[in-house]
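**Student:** Each protein sequence line maps, in turn, to chains C and A.
Residues in the first sequence are numbered consecutively from 3, following the numbering used here.
Residues in the second sequence are numbered consecutively from 363, following the numbering used here.
Think of the hints as simulated: they come from the structure by calculation, not from any bench.
Glycine included, every Cβ here is placed at the ideal spot set by N, Cα and C.
Take these hints with a grain of salt, some might be off.
Said to hold, decoys possible - Simulated pairs of lysine-lysine, DSBU-like, Cα-Cα distance not exceeding 35 Å: (1) A:Lys-405 with C:Lys-522; (2) C:Lys-578 with A:Lys-538; (3) A:Lys-364 with A:Lys-405; (4) C:Lys-209 with C:Lys-219; (5) C:Lys-578 with A:Lys-571; (6) A:Lys-571 with C:Lys-522; (7) A:Lys-572 with C:Lys-522; (8) C:Lys-578 with A:Lys-405.
As the list claims (entries may be wrong) - Short, incomplete list of chain C residues facing chain A, as computed with Cβ under 10 Å: (9) Asn-461; (10) Arg-464; (11) His-468; (12) Lys-471; (13) Thr-472; (14) Ile-476; (15) Asn-483; (16) Gln-505; (17) Thr-515; (18) Arg-519; (19) Lys-522; (20) Ala-523; (21) Thr-528; (22) Leu-541; (23) Pro-569; (24) Leu-571.
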Amino acid sequence: MKLRHQLLLVSLITLLIPWAGYQFVGELEQTLRANQQQHLLHYVQLLRTLPAVQQAGLASQTSSPAGVVYGFSLPATMILDGYDDDWQSSSARFVPAQSSTQNFPALEYMAGVQGERFYLFLKIAAEAFSYRARREALSATSDGLRLYARNQQGLRTDFILSPVEPGSLSDTGLMDAPHQPKLSGIWQETAQGYQVELSLPLASVAKGIGFSLTRGKQWTGVVPPATPDPLPDLIYRQTTEENPALSLTPANTQISWLHEDGWILAQSGTTATESDSRWQEDSAYALARPLLLGIFRWVLGHQQPAFTENSPPGQRANPVIQRAWREGMASGWFAHAEEGQIILAAAVTLPDATGHPRLLLAEQTTAEIASLSDQAMVRLISVSFLLIAGSLALLLGYAGLLSWRIRRLRDQIQQSMNPQGRLQNRFIASSAGDELGELSQGFAHLLHEIHAYTDYLENFARRLSHEMKTPLAIVRSSLENLSQESQTEAGRIYIERALDGSQRMGQLLHAMTEASRLEKAIQTSTRETFDLQALVHELACAYQSLESPVQWHIDIDTGPIFLYGAPELIAQLLDKLVDNARDFTPPGKQICLRLHSDGDACELEVINEGPCLPEGMSQTIFASFISLRAPQDTGHLGLGLVIARLICEFHGGRISASNLPDQRGVRFCVRLAVQR
Amino acid sequence: MKRRIAIVEDEPAIRANYCEALTRQGFDVIGYPDRPSACAGFKTTLPDMVIIDVGLGDEAEGGFDLCRSLRAQSTTLPIIFLTARDSEVDEISALRLGADDYLTKSCSLAQLMARINALFRRMTSVGQHASGKPATDECLTRGRLALNIDRLSAHWNQTPLDLTVTEFWILHALVKHPGHAKNRTQLMDAANTVLDDNTITSHIKRIRKKFQELDGQFDAIQTAYGMGYRWSATEA
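If we strip away everything but chain C, and leave its shape as in the complex, we get (with noise of 0.2 Å):
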């Protein structure tokens, strides 16, 4: 991995930056969420204590252990048609009733309060009604519906709906007359069975309400027909005008006083909606806005209530009116299911005087504070990225440059060593105060050193045999002053010995400092034009004529090539690598000499069978002092290879060696550029 990459990712880290600024808003969204629950609390708990509060709701009270009928608030007049499209406006929903029997039709109602009037709607779902025959008595026993009101006065008051047709009800028998209210109804006929939908003045029903579908002794509804006593009270949610307390609520807080089952029974003001008004200046913006929020909450997650309420209107339950009955006082939030408000919500239990339990709940939406939180979020979000985008680019900026100063010191690292391994002296060192300006300084310091050891090892010959040539002329002197002394005969073989020893030390020391003497003789050369293929030819000819265990086989494919250049060291240069050629041919192999050009260069090659190089050794073998002969082939000091490259490199071209592809030899390769 590039240190480009490395540094692009340690540069994620800068994520962090969002990540803690959106753990901050949810904090500060939590606090202040904790706040508003306190502060509605507070408000409730003072709210409690006001007469008004208290009175509020205790319109309908029940105790009766049969249950309620809740009577949902109808917005105007219904209008008595057995059909319950005007109840759709309103928030009334059916309601399930009981059955004495499980394959007795399934009856639902309705209950509604207006005005001072009471409605009542139910559905029953049957093939078929058994109509009472006109000319049959109304008996207590009749198949019908059965309906028991109790007035303000506690006088129950039974009615008996037994149709002899679908229709108005108003001339139906009755079986109790004497303070009989005035019933109105309808009684009509669907495709699923058939509806009912009756009015009763609503102080005829104030004590209780409760009705029963009968056949024989089967029945369904509220109240079983035999003892319809006690009667389920009816409760019903109460009007501003009923209750003044109810215009007390400030704005956007919802106050509701609940019944023990979590029927509303009187409820005022509404919690407010969120308000997008301030995004709507900017439309794009406005589009970006929940874009961006969303996917910050989407990665990052969100502050959710545990418990969404799903209540079904009329009727409220949620984990702070639970608490709030087992406690007194709870507060906390919650989603609501159908307008998807998160709520936050106080609730005190009323003071119990009356023995009939109530709760007053507060509720006020999240939107301030989510409209806060928003704000704050967007503001993080623009920051934190502008801060990113800054701080990647100024990280990845410094990273470039960091990795360029790096690059730039690879570089001239691998630029100060030639392909052969001999160091030029190119380093120039950083003058950077830093660690990177240290290490290229330090790098300077030991490239000098390794050039100053080089330059040392390589001047070490020189004066080695320079040194060595004197006393060595001392002893070859005074061995030949020896022998013109008169001798034994024994004597003369000896000093014979000892003079042949010196004069292969001296030749050993003469051949030591060749290369560098070759080296500054190849400097001063002269260079001319000459052609190539003449001079190959005629040193081929030359070879070819020379006694020697070999096979010469010569392929020189190619009409002049001139070079520009010196000749006799070119001819130095081919008799060097034949020189090495044939001391690694074994007796009866080829040696092949080629000449081959290709316009802009030509190619000399010398390919020879025998031992292949040891692996990674093909440029090595330029150096000096490396030899692959044997040990005891004496007399070479591995500098024949690097007059090679010496020449090679004076004339601008390449020299390179590898073995055959099937292994069978060895092939060195000079590459020089043709003259045009």
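Use these hints to put chain A onto chain C, whose structure you have.
**Tutor:** Frame of chain C; chain A shown alone:
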């Protein structure tokens, strides 16, 4: 009369060896260990020949300085450098300073003797020539080239060619059999010296250059690659 040879050499063992060897050959030899003592000695009497080492004690180039001052004293005094230094630069500067020959210490005593004798022979013949004695010298003529073996002198187109002894013998070996290539070893043997191939090449180059200074069209010395050099058969 015995010829006097002065040896200026800082290494006592070598000095003594050469002194003895030359004395054995019948020369009158004086050895000097350094430049000041040699200078002092040469002030009174000049020897017939001086053999100098380049590095003399602390003076790395003391031999060259001595050679310069000797040349100032006498233009004809034969001077041979005998040194451990084998670089071409040293050889060229020595010859430029007017040395007659340049030998490295790897040469044998026999070679040294040959050089000394050759130089003396040349001196004698030059002296005879100058004193107007009839020339009965052994001569070799190849085309426009005339070599006087006794005087070790060469003429091209009747113009004298200034060659060192080594160069003379190399040229002599080449022209002996025109058209025949002589390899480097043969040339070395002819010049009575041990030189590496490269030095032979540079000698040949110098000889060519000397010819070309007289005659820009000169190309009688041909390179036979892989063989050596030959004297052009057209110049026979």
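**Student:** Determine for every hint whether it applies to the structure shown.
**Tutor:** Now the hints, each set against the structure:
1. For the suggested pair A:Lys-405 and C:Lys-522, the alpha carbons sit about 39 Å apart, so the restraint of at most 35 Å is broken.
2. Taking the CA atoms of C:Lys-578 and A:Lys-538, the gap is about 30 Å. The hint holds against a cut of 35 Å.
3. A hinted pair counts as satisfied when its Cα atoms are at most 35 Å apart, and A:Lys-364 with A:Lys-405 qualifies at roughly 20 Å.
4. With a C-alpha separation of about 27 Å, the suggested pairing of C:Lys-209 with C:Lys-219 holds against the 35 Å cut-off.
5. Proposed proximity of C:Lys-578 and A:Lys-571 is supported: the alpha carbons are some 27 Å apart, at most 35 Å.
6. Restraint check: the Cα-Cα separation between A:Lys-571 and C:Lys-522 comes to about 20 Å, which is no more than 35 Å; the hinted pair holds.
7. Proposed proximity of A:Lys-572 and C:Lys-522 is supported: the alpha carbons are some 22 Å apart, at most 35 Å.
8. Between C:Lys-578 and A:Lys-405 the alpha-carbon distance is near 51 Å, which puts this suggested pair outside the 35 Å criterion.
9. The interface hint given for C:Asn-461 is violated, since its Cβ lies 13 Å from the closest Cβ of chain A, which is over the 10 Å cut-off.
10. Interface hint at C:Arg-464: satisfied, since its Cβ lies 9 Å from the closest Cβ of chain A, which is below the 10 Å cut-off.
11. Because the beta carbon of C:His-468 sits about 6 Å from the nearest beta carbon in chain A, less than 10 Å, this interface hint is met.
12. The closest approach between the C-beta of C:Lys-471 and any C-beta of chain A is roughly 4 Å, which is under the 10 Å cut-off, so the hint is satisfied.
13. Here the hint on C:Thr-472 is kept, as its CB sits about 5 Å from the closest CB of chain A, short of 10 Å.
14. With 10 Å as the threshold, the beta carbon of C:Ile-476 comes within range of chain A, its nearest partner Cβ sitting at about 4 Å, so the hint holds.
15. Given the 10 Å rule on beta carbons, the hint for C:Asn-483 holds: about 5 Å separates it from the nearest Cβ of chain A.
16. Evaluation of the C:Gln-505 hint against chain A yields a held restraint, the C-beta minimum of about 8 Å falling below 10 Å.
17. Interface restraint check for C:Thr-515: the shortest CB-CB distance to chain A comes to about 7 Å, inside 10 Å, so the restraint holds.
18. The beta carbon of C:Arg-519 is positioned within 10 Å of a beta carbon in chain A (closest approach about 6 Å), and the interface hint is therefore held.
19. A cut of 10 Å between beta carbons decides the hint on C:Lys-522: the least distance to chain A is about 7 Å, and the hint holds.
20. Restraint check, C:Ala-523 versus chain A: the minimum CB separation of about 6 Å is within 10 Å; hint holds.
21. Taking 10 Å as the C-beta contact cut-off toward chain A, the hint placing C:Thr-528 at the interface holds, the least distance being around 8 Å.
22. Evaluation of the C:Leu-541 hint against chain A yields a held restraint, the C-beta minimum of about 4 Å falling below 10 Å.
23. With a least beta-carbon distance of about 7 Å to chain A, the hint placing C:Pro-569 at the interface is held under the 10 Å criterion.
24. With its C-beta approaching chain A no nearer than about 9 Å, C:Leu-571 sits inside the 10 Å limit, and its interface hint holds.
The structure fails to meet hints 1, 8 and 9 from the earlier list, while all remaining hints are met.
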